[in-house]
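S.K.: With these hints in hand, go ahead and build the complete structure from the sequences.
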Amino acid sequence: MNRPAVEAGLALLEAGGDFADGIMAHEGKWLGGETFVSFDKKAVTLLSDQGEAAQLLT
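Just so we're on the same page, my numbering is the position in the sequence shown counted from 1, plus 47.
For the record, the hints were derived by calculation from the structure and aren't laboratory data. Owing to the predicted nature of the structure, the values given are computational and were not obtained by experimental measurement. Any given hint could be a false lead.
As the list claims (entries may be wrong) - Pair by pair, the computed Cβ-Cβ distance ranges are: (1) 88 - 48: 25 to 31 angstroms; (2) 105 - 51: 26 to 32 angstroms; (3) 52 - 95: 15 to 21 angstroms.
Stated by the list, open to error - Derived lysine to aspartate or glutamate pairs resembling EDC-like cross-links, with alpha carbons at most 20 angstroms apart: (4) 76 - 96; (5) 89 - 99; (6) 88 - 99; (7) 76 - 54; (8) 89 - 61; (9) 89 - 54; (10) 76 - 99; (11) 89 - 65; (12) 89 - 74; (13) 88 - 61; (14) 76 - 65; (15) 88 - 65; (16) 76 - 87.
C-beta: ideal position from N, C-alpha, C; glycine also.
M.R.: Okay, here's the thing in structure tokens:
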């Protein structure tokens with residue numbers, strides 16, 4: 048189990064978002080990604096509010 052990834056997922060879930068988006072953002076950052084990119088406006092907003100670089104695809 049990747050505890051930091053689970054904690055990131057739970058943090059986003061507790062903020063009102065999706066657990067999986069939190070894990071994907073964490074894993075992407077861990078793999079060297081600089082910006083989380085998604086069609087999910089809520090995920091992008093919540094991650095941005097947490098200080099993460101996130102961009103909405105339109």
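S.K.: Does each hint fit the structure? Answer for all of them.
M.R.: Results of checking the hints against the structure:
| no. | hint | result |
| --- | --- | --- |
| 1 | 88 - 48: 25 to 31 angstroms | holds, 30 angstroms |
| 2 | 105 - 51: 26 to 32 angstroms | holds, 30 angstroms |
| 3 | 52 - 95: 15 to 21 angstroms | holds, 19 angstroms |
| 4 | 76 - 96 | holds, 16 angstroms |
| 5 | 89 - 99 | holds, 13 angstroms |
| 6 | 88 - 99 | holds, 14 angstroms |
| 7 | 76 - 54 | holds, 14 angstroms |
| 8 | 89 - 61 | holds, 13 angstroms |
| 9 | 89 - 54 | holds, 19 angstroms |
| 10 | 76 - 99 | holds, 9 angstroms |
| 11 | 89 - 65 | holds, 9 angstroms |
| 12 | 89 - 74 | holds, 19 angstroms |
| 13 | 88 - 61 | holds, 17 angstroms |
| 14 | 76 - 65 | holds, 17 angstroms |
| 15 | 88 - 65 | holds, 11 angstroms |
| 16 | 76 - 87 | holds, 18 angstroms |
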